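**Student:** So you can see what is in the structure, the chains are spelled out below.
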Amino acid sequence: MSLPATRRNVLSVALGLATLLLITALAALALGGVHLSIARVWNGLLGRGGDSEALAIVRDLRLPRVLLAALVGAALAVSGTALQALLRNPLADPYVLGISSGAALGEILALWLGGLWAAAAPAMAFAGAVATTAWVYLLGRRGGRLASYTLVLAGVITASFLSAVILFILTLLSTRDVRGTAFWLMGDLSVITNARIGWLAPAVVLAIAALYAFAKDLNVLLLGDVEAAHLGVPVARVETLVFLLASLLTGLAVSVSGTIGYLGLLVPHLGRMLVGSDHRLLLPTAALGGATVLILADTLARTVVAPLELPVGAVTAVAGAPVFIYLLRRAAG
Amino acid sequence: MQAGSLQRNLRYTGKERMRALRTPVILLLAVCTTRTLPPRAAAIFAATRAVVDETHRQVMVPEHPQRIVSLAPSITETLYALDQQDKLVADTDYCDYPAAATQKPHIGAVLNPSIERIVALKPDLAIGSAEANRRETADQLEHLGIPLYGLSDKSVDDVLKSIRDLGALLDSKTQANALASSLEDRVQSVEHRVAGLPPPRVLFVTWYQPLITIGAHNFVADVIRRAGGQSISDDLPGEWPRLSLEVVLARHPDVILLPRSHNYTPSLEDLKRLPGWRDLAAVKSGRVYFISDTIIRPSPRLIDSLEEVAQILHPRDNRSAIARDSLPSPESRVPSPDARHPMPDSPLARTEPLE
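Protein sequence lines, in the order shown, are assigned to chains A and B.
Its first residue numbered 1, the first sequence is counted upward by one per residue in our numbering.
Its first residue numbered 1, the second sequence is counted upward by one per residue in our numbering.
I should point out that these hints are in silico values taken from the structure, not numbers from a laboratory.
Don't take each hint at face value.
Stated by the list, open to error - Far from chain B, by Cβ distances over 12 Å, these chain A residues were calculated:
{"#": "1", "residue": "S2"}
{"#": "2", "residue": "N9"}
{"#": "3", "residue": "T24"}
{"#": "4", "residue": "V130"}
{"#": "5", "residue": "P234"}
{"#": "6", "residue": "A317"}
{"#": "7", "residue": "V323"}
Unchecked claim - Chain A is faced by these chain B residues, among others (derived, beta-carbon under 8 Å):
{"#": "8", "residue": "A109"}
{"#": "9", "residue": "N112"}
{"#": "10", "residue": "P210"}
{"#": "11", "residue": "P241"}
{"#": "12", "residue": "R242"}
{"#": "13", "residue": "L243"}
{"#": "14", "residue": "E246"}
{"#": "15", "residue": "V247"}
{"#": "16", "residue": "L249"}
{"#": "17", "residue": "A250"}
{"#": "18", "residue": "P275"}
{"#": "19", "residue": "D279"}
Keep in mind it's a predicted model, so treat the numbers as computed, not measured.
All C-beta atoms in this analysis are idealised placements derived from N, C-alpha and C, irrespective of residue type, glycine included.
Using the sequences and the hints given, assemble the complete structure.
**Tutor:** Right, dumping it as C-alpha cells:
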C-alpha cells in the first residue's frame, strides 16, 4: 500500500494531482450562481471580447475565490497531516490545538469593538491565532520539550475556553451582527480582497515548503521520540518547528476563511490511502488534494442553492462526516 | 397552594380553559378560590380576557395591563409612541429609542432575554415579536404563566396593524388609531408621489461580508416596493437570504441601500476596493446610500425610513443626480414593462452589458 518515496514517484504523484487540481479549478471557474457559457468564461478569464460582466464575474469573483479555496485547502490539509504525525494521533486536525478558536475570538472581538477594529478583523483573527499558538505551546512543554498528550489536552481545553468566550460575546452582539458573524464561524470563502491573496499565497507556499523539509524527520518521529533521538533526529527542535509551522498554516487559513471543518482531518487520511504514510509523498499529496477538495466543496457551496450561497464549512462538514465514517468502516473491515 | 395550582391550570390550557370558565360549577369554584389568592393575582384573574394575537395564538391578557415587558426595540418604540411608557416596566438591552427607553430596567438581549429577570419584575403582560424573538422564549413565558402577546410584521401594513392592535390591547385605541392613520396618510402620500415612476432596482445590504440581503417576505422589501423601488432579491425565500455576489452583478442594481450599523459600516471607498462590489455600476457611480437603521426596525419610525428611501429613489428635486442618471427621460415615464431594467429571470438580464 505504501509507495516508496523515490524522486520519480514523488514527481509523478505531484504531477497527477496537480493536473486534477487544474481541471477542478477550471470547472470551478465555469460554474457559479450565474450561468455563463464556456466561451464567455474563457473571454472573461483572458479579458477579451469586451464582455465586462463576464470579466467581473470570472476574474474578480470566481478566480480569486478559487485561488483562496486552493490556498486554504492546501494549508489546512498540510497542517492536519503534520499535526497527526507530531501528536501521533490520527484524530488530530488543525483545530485540535485551539488555534481556530483563537482566530475566531480575534475576529469577533474586532466586530464587537466596531469602528477601526472591525476594519482590521482579519489581522485581529491572525493575532488571535498567534497568541493561542504561543499559549498552547507554553502549556504543552514539559521539561524543555513538547509532550504530545499535554499538548493535545492544553489545546482542547484552550479551544473550549475560547469557544465559551465567543458564545458570550455573541450574546452581546445585535441580531444583525450575529447573522454576519455566524457565517464566519461556519467557514466562508466569499469575502475576498486581492491584497489578502497577495500575502496569503507566498506565506502558505513558504510554510508548506518549510514543512516539507521536515518530511523525513516526521517519518522517524512516528516511530517514537526515543527511537527518533537514537536515529539522530533533534527531536525537541523538530517538534517545535513543525508545531509552529502547522500553527502558522492554520492561523493563515482561519484568518481569511473562518473555521472550515473536516478538511484537515479527512484529506491526510485520504492521502495515506492513496500514497501511504511516507511524508515525502504524503505532504505534497495533502497539499494538492486539500486544494482540490476545498475548491470542489466551495463550488458546491456556490451552486447547489443558487442564487443563494451556503457557507463552505457547512458543505465540508455535511460531506466530510459520511466520508470519514466510510473510511473508518473500510479500514476496520 | 391549592389556589396557586388552580391559577396555573387556568393559564395552562388554552381553549379548554375558555370552555371551563363558562361552566357555572367551575366559575363558582373560581370565585371561591379567588378570595385566597394574593390581591394582585386576584385582580388579574378577575379581569382577564381571551384575545388572538398576531401570531394566531390565543392568549389570556389582563383587561387593563399595568406592568408590561417589551421583548424587542420596535415594540418599545411603539409603546412610547402610544404614550404607554408608564406601564412599561422593562425592555431589552437594545431598546435605544427614545432615549428614555435606555433608562428602563433591561431584561437582556432580544434573542436570549433573562427569563428570571422577567419573572422577578412580575409583569402582567409581555409583548414579543415573531420575527425578532425566539419561539423558546415565548414557550417559557407561557409555561411560567406570563401572558405573551406576539406581534408579526412582514409588511408596512403589518406594522400599522401592530400599532392598532397594541392600542386595543392597552386601552389607547383612540391614540393608536390616530397614530396609525397619520402614518397611513404619509405612506399614501409617498405612494401617490411615486406612482407610475419606473422603479429603480435596489440591492438592500443587511450585511456586506458575506452579503446578506432581504427576501420577499421581509417588511424591508415592502418598504422598498412602496417607496417606488424594486428589490433585486424579491424572488428569494427566507427573510434574510445570503445572495451570491455574482448574481447581484447579473441583476444590475441601480441603487444600493446599506443601513448604518453602530458597530461598523463600510464606506463607499471600502466598497470600491472590494472585488465584485467595485464592478457594480451602482458602486462605480456612487449610488450607494447609507441610510438610517430604523429601516430594519418595524416601529412607527419605519415610515421615516419609507420616506427616506422614496426620497433616494425618486427625489422631489428632479435635478438631483439620481433622477438624471437612472431614470429614463420624462416622456418615456410610463408604467409599462421597463426594458432598461428587465426582471432577473428574463433572458435580457443576462445579456445586458454593464453600464
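**Student:** Next, verify each hint and record whether it holds.
**Tutor:** Structure-based check of all given hints:
no., hint, in the structure
1, S2, "holds, 42 Å"
2, N9, "holds, 39 Å"
3, T24, "holds, 19 Å"
4, V130, "holds, 22 Å"
5, P234, "holds, 44 Å"
6, A317, "holds, 17 Å"
7, V323, "holds, 25 Å"
8, A109, "holds, 6 Å"
9, N112, "holds, 6 Å"
10, P210, "holds, 4 Å"
11, P241, "holds, 5 Å"
12, R242, "holds, 5 Å"
13, L243, "holds, 6 Å"
14, E246, "holds, 5 Å"
15, V247, "holds, 4 Å"
16, L249, "holds, 6 Å"
17, A250, "holds, 4 Å"
18, P275, "holds, 4 Å"
19, D279, "holds, 3 Å"
This entry satisfies every hint, going by the numbered hints stated previously.
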